[in-house]
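Q: Sequence:
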Amino acid sequence: MEVRDFRVNMSESNNMNNGLISGLSKNPIVMNFGAFLMAVMFALTCGIISWRMGRPAMAYIIWSGSLAVFSAGVGFVLGNRNREETSPENALRIGLIFLGGGIGFATAILGLFLPLMQYSDIFGGGLAQWRKNPNTVLLCAALLFGGLALMFGSVMLAKNFEKSSVGLRRLLYGTNAFLTGMLLLTVLGVVNVLAYVPMGKLDFFNRTFDFTASGLYSISESTQNFLSNLKEPVKVYVLLPGNNLITVETETLLETFKTHSKNITWSSVSRDLDAQELAKLQEKYQIPDSLGLLVVYGNDQKPVYDFIKYPDLYSIPQQDPRNPNADSGSFQFLGEAQLIKTMTFLSEGKSQTGVFFTQGNGELSIDDKNPGSVAGIGTLYDETAKGNFKLDKITLDRNTKKIPQEADVLVMARPKFDPPPQAIDALRNYLRGTDGKKGHLLLLLDVEVE
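Residue numbers (the working numbering): 147 to 596.
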């Protein structure tokens, strides 16, 4: 019963198409000037694009210009047909087959070659550029699919000539085979691209489905909420060895993070292959010379950062020496917890602890960087900076009225003299939190031996 209803509906649809074509074939304007009007439309489109966009839009200019010439050619052939051998209805049908097929083919070719010509910098830029230019990706996909759909619809008109014309029958079968292959390749290619393109509420393609027993590609709900509410860009530099379990787990985790937030990006920096880039990172962020993850939060103008050391990314339970037969537990990857903790810390503006070294009362000099010097701590100062501290110095003298609020910790390294009363009052207020923030004082003194 359902098959019969389907056949009846198809028959009714064919009858409607035949009636429409039959009606249009009786209109002399459609028969004599329809294709030429389309040629004029494409010619105007070509002129407007050339005038407004110029050479950068050469692909669109070639597309519209070639279709203007093609439409004019179809109109010329229809106008000079043998009216005794070909009825107006069949002539219009053949004209629509070639006109629609030609326009669809040219449009599909435009959608196929735009990524190679006009938008090569976007499509060649990888995932980051695709995410920044989703409209361009969708435009190329729409042109490609729209062109193929127009070709398919136009060729379907040749079914009426399937038994009477050998040439149109070959065209029908050959085009169907071509379209089937093109649609398969296009669907596979476009869906893979859309998997990395943000489309608002249509982000189905961007979702990650985790079917692994261990939940390798899953993150906690609290992590998902944090990432979805992330306002600032976060760049993670992976400074880990290759072919390592921790490295694989970390990169998989970061890819999962990216599916939940467009503000997450990451890159791997090899200590052997990317020595120059590593040197730039060490100079800019004062990171320690060790393995780990550099997390940079915020824009390039005012970034804050922190460094997660390699041993903090995993946990291996120790065997109880009193009970060697007991189960000591299993290996645990702690990357998710460490990264979220660090990003939370950075998002709250707590990334750099202000450490101020006092000067002016005989303290060890922070400018003396000689490792063998007993009067300088310049080397200690530089090493402390690698721990993502904001370092500065403050002179405690009679003009000291207040300790800066940026100073979370004051370091007095072996002072020889007592600070002036004014400076002592400022220190007392700083430690008591008179201004609303209690400070910390690290006082380093020599050991006296009796």
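One thing to keep in mind: the hints can contain errors.
[What the hints assert, rightly or not] BS3-like cross-link-like pairs, simulated, lysine-lysine; straight-line CA separation at most 30 Å:
#	residue 1	residue 2
1	K487	K515
2	K381	K562
3	K404	K487
4	K278	K408
5	K539	K426
6	K583	K536
7	K562	K487
[To be verified] Between beta-carbon pairs, the in silico distance windows are:
#	residue 1	residue 2	range
8	T326	K448	15 to 21 Å
9	A425	T525	15 to 21 Å
10	S196	E552	44 to 50 Å
11	L588	K547	44 to 50 Å
12	K448	K278	17 to 23 Å
13	E367	P457	37 to 43 Å
For the record, the hints were derived by calculation from the structure and aren't laboratory data. Being a predicted model, the structure only gives us computed values, none of them experimental. Glycine residues also receive a C-beta, built at the ideal position from the N, C-alpha and C atoms.
Q: Checking each numbered hint in turn, tell me which of them this model violates, lowest number first.
A: 1, 2, 7, 8, 10, 11 and 13
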